[in-house]
Amino acid sequence: MTTASVPADGDPRRLLSDVRALTRQVRLDQRVTWLALLVLATVTLVGIPFDWFGMTVRCLPDGSCEFSRRGVLYYWPAALLLAYATIAVCYVRAARARGLGSRVLPYAITGAVTTVVFTAAWVAAALYLPSHPLPEQPLPYWWLLLDRLLTPWSMIGIALLVLARLERNLALGLFTVGYLAMVLLVLPMNNGWGPPHWGIRAGMALPQLVSAVVLLLGAAGFAAARRRHR
Amino acid sequence: MTGNPDPSDTHPATGLDDVVHQRVRLGILAITHEARRVEFGYLRTQLDLTAGNLSKHLSVLGDAGLIEVEKGYEGRRGRTWITLTAAGGTALADEVERLKLLIARIGTTDVPQDR
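Note that the protein sequences, when read in sequence, are chains A and B.
Everything in the first sequence is counted per this note's numbering, starting at 1 for the first residue and increasing by one.
Everything in the second sequence is counted per this note's numbering, starting at 1001 for the first residue and increasing by one.
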């Protein structure tokens, strides 16, 4: 048995437990998760009329319709960049007001990168598809998933995963996985939803509305949890 | 038999740094590491210290080159911000590693044996 002594104040278990508790408290004090979700929900809601009125629909005599979502392309890149800038500024200001630095910059950068990726994919599709129409047969499932992944609603989720990792925020991580599963696997963000008589515009608006409501509910939930914590 | 002892045979407590192996100073390093940058008032509240006591601990850490202190103003209010240096980050990581080793050692070899 060693003769080395450790002072009572330096009990290793207590010291390590103190370090973990203080670290956890700092992470909690740095978070403004509700605000990030609120900004993203607002951007999603405001995007609905842009998609509605910016959409060009051309119906053919055989009853089929072709549509182009130009509103998405014109609205979302600028809106997302503005949203990430707003979130970053608010995070830094909130943390600073509490006497802390912030870790939000990698999230804002990821958000900007995902915005560029989605925009590039949509521009490429807009240029390529008119001269190379998709085949008549049903598209493979991976194609459908990729199409949904390269939408602004999915990109919001991808960037939120990064925020959850940065904040070591398990609740946000779980929320985001649920949100991503919804926009990738459940909601037909890319081909509309609802009864046929609603038309294409309403069919496209409904999934966006659901995703905005989910983000809003998330913002309310995280805000309530924060109030309870305080 | 001669030669250097195997480092794995030395007790983790022998390598503890007195500057870091202290509850308040370890707390300051842990908070500053997580926060990237922390204000004097936040440290005082979280560690439940008087301003004088906290200043003394900050001086010890500053003299050891583990933190940097930056004083400035926000409006008319003076604010003091503390950041961790690279040496401070290394010292914190080393201390946490040694604490884990100590706990592991206590849990295995230092358990009193039945006679």
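Simulated from the structure, these hints should not be mistaken for laboratory data.
Being a predicted model, the structure only gives us computed values, none of them experimental.
All C-beta atoms in this analysis are idealised placements derived from N, C-alpha and C, irrespective of residue type, glycine included.
Some clues are possibly wrong.
Stated by the list, open to error - Derived lysine to any residue pairs resembling SDA-like cross-links, with alpha carbons at most 25 Å apart: (1) B:Lys1071 <-> A:Ala94; (2) B:Lys1071 <-> A:Asp29; (3) B:Lys1071 <-> B:Asp1094; (4) B:Lys1071 <-> A:Leu105; (5) B:Lys1056 <-> A:Ser17.
Claimed, not checked - Chain B regions said to be covered by chain A (calculated; three or more residues, Cβ under 8 Å): (6) 1050-1062; (7) 1066-1073.
So, going through the hints one by one against the coordinates:
1. With a C-alpha separation of about 20 Å, the suggested pairing of Lys1071 of chain B with Ala94 of chain A holds against the 25 Å cut-off.
2. With a C-alpha separation of about 22 Å, the suggested pairing of Lys1071 of chain B with Asp29 of chain A holds against the 25 Å cut-off.
3. Our distance criterion of 25 Å between C-alpha atoms is broken by Lys1071 of chain B and Asp1094 of chain B, whose separation comes to about 28 Å.
4. Simply put, Lys1071 of chain B and Leu105 of chain A have alpha-carbon atoms about 24 Å apart, close enough for the 25 Å limit, and the pair holds.
5. For the hint linking Lys1056 of chain B to Ser17 of chain A, the alpha-carbon distance of about 24 Å falls within 25 Å, and the restraint holds.
6. Remark: the segment 1050-1062 of chain B is not confirmed as covered by chain A, as 0 of its residues place a Cβ nearer than 8 Å to a Cβ of that chain, below the required three.
7. With a cut-off of 8 Å between beta carbons, the segment 1066-1073 of chain B has 0 residues touching chain A; three or more are needed, and the interface restraint is violated.
Checked against the numbered hints above, the structure violates hints 3, 6 and 7; every other hint is satisfied.
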